[in-house]
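Trainee: Sequence:
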Amino acid sequence: MLEPGASEAGELRLLSAGAAQSVVAALIPVFADATGTRAHATFLAVGALKEMLLAAEPCDVLISAAAMLDDLARDGRVVAASIRPLGRVQTGIAVRSGEPAPAIGSRDLIRASLAAAKGIYLPDPERATAGIHFVKVLRALGIYDDLASRLHAYPNGASAMDALAKSRGDGLIGCTQVTEINATRGVTLAGPLPAPYELVTTYAVATCTSARDPELAQRFVHLLAGADSLQLRRDAGFGV
Numbered sequence: 001m002l003e004p005g006a007s008e009a010g011e012l013r014l015l016s017a018g019a020a021q022s023v024v025a026a027l028i029p030v031f032a033d034a035t036g037t038r039a040h041a042t043f044l045a046v047g048a049l050k051e052m053l054l055a056a057e058p059c060d061v062l063i064s065a066a067a068m069l070d071d072l073a074r075d076g077r078v079v080a081a082s083i084r085p086l087g088r089v090q091t092g093i094a095v096r097s098g099e100p101a102p103a104i105g106s107r108d109l110i111r112a113s114l115a116a117a118k119g120i121y122l123p124d125p126e127r128a129t130a131g132i133h134f135v136k137v138l139r140a141l142g143i144y145d146d147l148a149s150r151l152h153a154y155p156n157g158a159s160a161m162d163a164l165a166k167s168r169g170d171g172l173i174g175c176t177q178v179t180e181i182n183a184t185r186g187v188t189l190a191g192p193l194p195a196p197y198e199l200v201t202t203y204a205v206a207t208c209t210s211a212r213d214p215e216l217a218q219r220f221v222h223l224l225a226g227a228d229s230l231q232l233r234r235d236a237g238f239g240v
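Take the sequence shown: its position 168, counted from the start at 1, is 168 in the working numbering, and no numbers get skipped.
Warning: the hint list may mix true and false statements.
[Unchecked claim] Calculated cross-link-like contacts (lysine to any residue; reagent style SDA-like; alpha-carbon spacing at most 25 Å):
| id | residue 1 | residue 2 |
| --- | --- | --- |
| 1 | LYS118 | GLU99 |
| 2 | LYS166 | ALA103 |
| 3 | LYS118 | ILE132 |
| 4 | LYS166 | ALA101 |
| 5 | LYS50 | PRO85 |
| 6 | LYS50 | SER159 |
| 7 | LYS166 | GLY142 |
| 8 | LYS166 | PRO85 |
| 9 | LYS136 | ALA65 |
| 10 | LYS50 | ASP75 |
| 11 | LYS118 | ALA153 |
| 12 | LYS166 | GLN90 |
| 13 | LYS50 | VAL200 |
| 14 | LYS50 | HIS222 |
| 15 | LYS50 | PRO155 |
| 16 | LYS50 | GLU11 |
| 17 | LYS136 | ALA48 |
| 18 | LYS118 | SER149 |
| 19 | LYS166 | ALA195 |
| 20 | LYS136 | GLU51 |
| 21 | LYS50 | PRO125 |
[Unchecked claim] Restraint ranges, calculated between C-beta atoms of paired labels, are given here:
| id | residue 1 | residue 2 | range |
| --- | --- | --- | --- |
| 22 | TYR144 | ALA56 | 17 to 25 Å |
| 23 | ALA55 | ALA101 | 37 to 45 Å |
| 24 | PRO214 | ALA148 | 23 to 31 Å |
| 25 | LEU109 | HIS40 | 40 to 48 Å |
Derived from the structure by calculation, the hints contain no laboratory data. Using N, Cα and C, we set each Cβ at its ideal position, and we do this for glycine too.
Using the sequences provided together with the hints, build the complete structure.
Mentor: Dropping the structure here:
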């Protein structure tokens, strides 16, 4: 995927949205083999990533929602010319593997399935893209107040899905980005949220203006967003 290069001192610092965690984690050893540089990634909800960056957290490469990267480019925190799209990710409903998928194909069906759930696992409803959206969906369906005590929120979708996989009891479901569902052993995608409640988020990657080695950072950008990793992204759940 990359031409071998000389060993680089130090470590590449990555801040990444959870939606890209499985792909980024798979490419870190590829990058290390090609460049001799270790990459360390922190995976957080999109809102938490922005808070860290605004608080001057050291970062060489940022992977997040494309709209946020555009905003940060205008603020001079990421290099506008370095931004590369990764693909579009749907938000979906998950169940534990082996359990029947709830009916979610229409407004009435998803409303009934959510209302019947004994517990719902989701990412941070204040900082995570999917968590924020899912709460809006519950409010639009008129069932938020009834379900509020049954919501189990976690810092990001990966940790929410891991908790769902390890949970016990009947009638438990989850909601987060499809890529986080696909990457978690023990949970299965029931399907994307139906119209008009669907959410499709475009993710992208960029070099931070504070990168210690911009050229090295850009090599990771090209690795993550390039043609050689396209199938990896598709398998994870990134669409065109």
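Trainee: All hints are to be evaluated individually against the structure, with a verdict given for each.
Mentor: We went through each hint and held it up to the structure:
1. LYS118 - GLU99: Between LYS118 and GLU99 the Cα gap is close to 14 Å, so the pair holds against 25 Å.
2. LYS166 - ALA103: 23 Å, holds
3. LYS118 - ILE132: 20 Å, holds
4. LYS166 - ALA101: 17 Å, holds
5. LYS50 - PRO85: 18 Å, holds
6. LYS50 - SER159: Holds, at roughly 19 Å.
7. LYS166 - GLY142: 29 Å, violated
8. LYS166 - PRO85: Status violated; Cα separation ~33 Å.
9. LYS136 - ALA65: Holds, because 19 Å separates the two Cα atoms, which is no more than 25 Å.
10. LYS50 - ASP75: Holds, at roughly 12 Å.
11. LYS118 - ALA153: The given pair, whose Cα atoms are some 14 Å apart, holds under the 25 Å limit.
12. LYS166 - GLN90: 24 Å, holds
13. LYS50 - VAL200: 20 Å, holds
14. LYS50 - HIS222: 22 Å, holds
15. LYS50 - PRO155: Judged against 25 Å, a Cα distance of about 14 Å means the pair holds.
16. LYS50 - GLU11: 21 Å, holds
17. LYS136 - ALA48: 19 Å, holds
18. LYS118 - SER149: Answer holds: LYS118 to SER149 is near 10 Å, not above 25 Å.
19. LYS166 - ALA195: 30 Å, violated
20. LYS136 - GLU51: Given pair LYS136, GLU51 holds - Cα atoms ~22 Å apart, limit 25 Å.
21. LYS50 - PRO125: Holds - the C-alpha atoms of PRO125 and LYS50 are around 15 Å apart, at most 25 Å.
22. TYR144 - ALA56: 17 to 25 Å: 36 Å, violated
23. ALA55 - ALA101: 37 to 45 Å: The hinted range 37 to 45 Å holds for ALA55 and ALA101, with Cβ atoms some 41 Å apart.
24. PRO214 - ALA148: 23 to 31 Å: Violated, at about 46 Å.
25. LEU109 - HIS40: 40 to 48 Å: The hinted range 40 to 48 Å holds for LEU109 and HIS40, with Cβ atoms some 43 Å apart.
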